[in-house]
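Heads up: the protein sequence lines correspond to chains L and A, in order.
Heads up: the first sequence runs through residues 490 to 676, numbered per this note's numbering.
Heads up: the second sequence runs through residues -18 to 325, numbered per this note's numbering.
Please note that the accuracy of each hint is not assured.
What the hints assert, rightly or not - Part of the chain A face toward chain L, derived, beta carbon under 7 Å:
#: 1; residue: Phe24
#: 2; residue: Ile25
#: 3; residue: Asp27
#: 4; residue: Arg28
#: 5; residue: Ile145
#: 6; residue: Thr288
Stated by the list, open to error - In silico DMTMM-like pairs for lysine to aspartate or glutamate, Cα to Cα no more than 20 Å straight-line:
#: 7; chain 1: L; residue 1: Lys554; chain 2: L; residue 2: Asp634
#: 8; chain 1: L; residue 1: Lys518; chain 2: A; residue 2: Glu169
#: 9; chain 1: L; residue 1: Lys530; chain 2: A; residue 2: Asp54
Calculated directly from the structure, the hints in this document are not laboratory data.
On a predicted model such as this, the values are computed, not experimentally measured, just so you know.
Cβ atoms here follow ideal geometry from the backbone N, Cα and C, with glycine treated the same way.
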Amino acid sequence: MQALTNRSKNVVNKKMTFMERIYLPAILKGMWTTLKHFFRKKNTVAYPDVKRPFAPVYRGWHVLKRDAQGRENCTACGLCAVACPAEAITMVAAERQKGEEHLYREEKYASVYEINMLRCIFCGLCEEACPKEAIFLTDRIVPADYVRQNFIFGKDLLVEGIDPANRIDVTKRQKHIQEHKTAATIQ
Amino acid sequence: MSLILLFTTALLIEKIILISVLFAITLGVAAYSTYGERKVAAFIQDRLGPNRAGPFGLLQPLADGVKFFTKEDFTPNAAERWLYILAPGAFMFVACMTSAVIPWGTQLTIFEKPVDLQVADLNIGILYIMGFVSLGVYGIMIGGWASNNKYSLYGAIRASSQMISYELAMGLSIIAVIMMTGTLSLKEIAAQQAGLNWNIWYQPLGFIIFLVCALAECNRAPFDLAECETELVGGYHTEYSSMKLGFYLFAEYINMFISCAVIATLYFGGYNFPGVDPGWLGGFMGPIVLFAKIIFFIFVFMWIRWTIPRFRYDQLMHLGWKSLIPLSILNMVLTGAGVLLFEN
């Protein structure tokens, strides 16, 4: 009979040779293999101690940036919330009072800014939508939790610290977005 | 009269100290075997293994022990209560008893008094070990049966028939050694293998048979059909929890330790090593050498476990009855011929 494909194989019920039947050479061969693995470099990355470098385009836990004087960039325009396909962002706008100039860069700011990390799909459209360079996605991982309520991140978890040590570096991300935006305008 | 009393008291104290030390070492080795097993498994599988508790995870056995003690001690409703409680204890007891006749070294000199490094120099030492190894079946059998669980019962039946089958080949392979050495005392067997005059050179086939049987007797992979996680949940200790389970697991590691000690004593010269006098370091060199050999064999046991897949039950029985027993009888005949030829 003609074979339908050339992939078929003839199966033979071959008798084992004496060397195969005494089984010991095969065991020794197997043990040699495992011994080689014993001394091989381990693949494990001991996660909390050692962190693998992220790709430059990695998108994780958001940060709300401050400017060089430590004032919040966000003006609560709501463009990020509009851009968000998962509707994860909500905010409440407020007017800057006298004496708060060192806290907020412009007259309007977000008194409440919340991102629901369970809804967020980390697409990065919010940072593209932002006209003030206020929101960026960083390479920090959103930690696990037992309670859904704890995944709604308010300003306490989103805004970066004032002093230089607590600032969060977003230059990688800034560059990427800049390239992205330029490409979009050219088109 | 009082002199005899004094002498017996001194002997009693000496033996009690020796037994306590041996007991502590056995338990310590068993505890650290669990750690070693997990490390060896991890290394063979290109992983790191436990490394959280203490440096290199060295406190892991301690953490495991605490875990075992604090877990809920559960007794199934349908279990035969007293036998269920008795079984792990019996298994542990039998496992600990076997170490009594292992000669750990020649002699120690403490306070100018020679101390034998052996709890009991029985002139039938090897028979004593075989006897206690056979008693080990009871701990598994009673535990599996008393649990009143079909998986436990399957595991227990498998374990008992496997252990009984492999004891035959094991005994026959030991007979060849006894024919050669002319004694049943482990102390004399060890003493005869001074330097590199080890029994392995005369009994290579016997050693392989003994090693395979020892693996089967310890219910270790590739013969761990009694536990057989993939088919029988946990085998004979499916229903056990807390320290009762801990006892079973612990006793299995003690059995492994003793098997390795017996292998080292019977075939690999016990406390002898070429160029090393067991009397060095005030007699402590012998135990150190023997211990190194035991650790090596424990490693080999683990190495085998993480290399070879489990046998099917019919293959296990086929190997035991149709291969190992005829082979060990052949080995006996060859040894007999050798003894006749070279010693006359």
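Hints not upheld, ascending by number | 5, 7, 8 and 9
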